[in-house]
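If you count the sequence shown from 1, you need to add 383 to reach the working numbering.
What the hints contain is simulated information worked out from the structure, not anything from laboratory work. There may be inaccurate statements among the hints.
Straight-line distance between alpha carbons at most 25 Å, and here's what the computed BS3-like set of lysine-lysine pairs gives [claimed, not checked]:
1) Lys-569 x Lys-391
2) Lys-569 x Lys-429
3) Lys-429 x Lys-465
Fair warning: this is a prediction, and the values are worked out from it, not measured in the lab.
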Amino acid sequence: MTQKKSLKRRVRARMAETGERYTEAREAVVGTRPEGRDAIVLKVNKVSARVRLVGEEGEVTFRTRDHWRLVPGHVAEVEITKRWTHRGASYASGRVRRTRIDVDALGLEPLPVEDSGEYAVGELSDAYYEPEDEREPIPPRPRRAVEMHAIVWEGRRAFERNDLDDCPVSDAAKLKDGGDLVGARKLLNEVLHDDLRCIDAHAHLGNLEFDLSAERALVHYELGIRIGARMLRGHEDAMLLWADIHNRPYHRCLYGYGLCL
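Please construct the entire structure, taking both the sequences and the accompanying hints into account.
Next comes the structure, spelled out in structure tokens:
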């Protein structure tokens with residue numbers, strides 16, 4: 384009995400430390416738990432997720448009751464209990480231990496940005512709040528503006544087709560407005576399966592979740608922000624004008640993220 388109580392105390396201590404469920408914590412303490420693997424989440428379906436296991440080539444359909452915890456772009460630590468192949472496709476089943484946002488781990492090549500020229504912008508200072516007749520003039524400071532890549536806005540498949548009428552993210556927005564949330568979510572996941580760098584798809588997935596769960600919506604917005612920020616490394620002082628249409632997905636993620644706080 385004493386040994387059982389001691390085991391329970393150790394299990395509950397691990398639960399408090401890691402946030403794991405009782406079964407997961409017990410397996411870790413006893414030592415019967417399978418080894419965890421990092422997986423890049425590419426898209427999420429009704430009962431599974433399409434993932435790429437770190438260190439392996441190709442994709443795997445991961446079936447888990449924890450699929451609701453996953454979003455495209457997540458790095459998930461998964462516990463695989465079974466693997467099999469059917470008609471040439473790879474499958475696995477198991478559970479999700481934890482998720483995190485780690486854009487560098489996704490292995491995405493940053494998309495290039497385009498120079499939009501220089502703009503003279505007046506700098507704000509405390510003088511702005513002084514009476515107008517006492518203000519000293521604020522000299523404008525030229526700042527460079529950049530525009531993000533088209534894939535950020537329309538996705539890779541639409542970009543490669545070069546068809547202005549083919550924009551699945553816009554189609555998903557129309558489905559949402561028409562009340563087909565399931566169809567909209569499925570289409571946006573397909574866009575991200577093609578390329579996780581479509582920031583507008585992250586933004587619209589956040590919009591789908593916003594009325595239901597600000598906490599889940601925030602994850603989508605944060606992924607879009609972090610993927611975009613990685614593209615903007617070296618351009619931190621540049622402006623992203625709303626007038627440049629390919630910048631709007633990044634602005635949408637920033638705006639949505641702020642609303643969730």
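Right, here's what the structure says about each hint:
The hinted pair formed by Lys-569 and Lys-391 fails the criterion: a straight-line CA distance of about 42 Å is larger than 25 Å. Restraint check for Lys-569 and Lys-429: satisfied, since their Cα atoms lie roughly 9 Å apart, inside the 25 Å limit. A hinted pair counts as satisfied when its Cα atoms are at most 25 Å apart, and Lys-429 with Lys-465 qualifies at roughly 20 Å.
Checked against the numbered hints given earlier, this structure breaks only hint 1.
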